[in-house]
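Colleague: So the chains spell out like this:
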Amino acid sequence: ETGVTQTPRHLVMGMTNKKSLKCEQHLGHNAMYWYKQSAKKPLELMFVYNFKEQTENNSVPSRFSPECPNSSHLFLHLHTLQPEDSALYLCASSPRGGLADPWDEQFFGPGTRLTVL
Amino acid sequence: QKEVEQDPGPLSVPEGAIVSLNCTYSNSAFQYFMWYRQYSRKGPELLMYTYSSGNKEDGRFTAQVDKSSKYISLFIRDSQPSDSATYLCAMRAAGGTSYGKLTFGQGTILTVHP
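Line order of the protein sequences matches chains R and E.
Residue numbers for the first sequence follow my numbering, so the first one is 1 and each next one is one higher.
Residue numbers for the second sequence follow my numbering, so the first one is 1 and each next one is one higher.
Take the hints with a grain of salt, since some may be wrong.
Stated by the list, open to error - With a straight-line cut-off of 30 Å between C-alpha atoms, the simulated DSSO-like cross-links for lysine-lysine are:
#, chain 1, residue 1, chain 2, residue 2
1, R, K22, E, K42
2, R, K22, E, K56
3, R, K19, E, K42
4, R, K40, E, K70
Said to hold, decoys possible - A few chain E residues that don't get close to chain R, going by computed Cβ distances all over 10 Å:
#, residue
5, V13
6, T24
7, N27
8, Q31
9, D58
10, Y71
Since the hints were derived computationally from the structure, they do not count as laboratory data.
Where a beta carbon is used, it is the ideal one built from N, C-alpha and C, also for glycine.
Next up, chain R with everything else stripped away, as it sits in the complex (with noise of 0.2 Å):
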């Protein structure tokens, strides 16, 4: 495997379900990133990693909660859901977290599409 890869690719899960999302970047970077994407809106940044610490929480409901184990994993823990919140998730890293280096190149996954009931 090579780049950024995510697993599943499709999701379909009603609102009271708890379902987890991963990513896994086979790149070195250090750090990691979730985006939501929905029709007719831009990207939206939901979180960042650097060195498996969190670095930024973009305003995000409680009900997405991100785990990073380690700079290779990151994942969307997803509970009692809105229909709202059906969208296409992006995971993204990069090699420096874009803080230190505003060169710092983001490589993208080819996302989760999740649909909730």
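Since chain R is already given, all that's left is putting chain E on it; use the hints.
Modeller: Leaving out everything else, chain E in the frame of chain R:
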């Protein structure tokens, strides 16, 4: 007012046409400007990255930044059906608490038909 405005299209052009994609922005702190390309069922990939005002060319692609007008453009020459994708502009401030954050436009859907 949104920080970054991008016409969502869709834009449909014949093969070989010159395509112009544009974004305007309101935050004068933005110094770094990017264009991403996103194919259907894929994540965005970085296409062009520029700093401040001026032009940058890479093959058939030219990125243009006009900071005085807060306006950026991506030109695609000799467009090909393989250029059909959604194009996202993104911007980053220099310094401050939002140093590392990217702010994206809504994306423009482009179709190049044979």
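Colleague: Each of the hints needs a verdict: does it hold here or not?
Modeller: Hint-by-hint comparison with the structure:
no. : hint          : verdict
1   : R/K22 / E/K42 : 16 Å, holds
2   : R/K22 / E/K56 : 36 Å, violated
3   : R/K19 / E/K42 : 22 Å, holds
4   : R/K40 / E/K70 : 22 Å, holds
5   : V13           : 21 Å, holds
6   : T24           : 13 Å, holds
7   : N27           : 13 Å, holds
8   : Q31           : 7 Å, violated
9   : D58           : 14 Å, holds
10  : Y71           : 17 Å, holds
In this structure, the hints that do not hold are numbers 2 and 8, in rising order.
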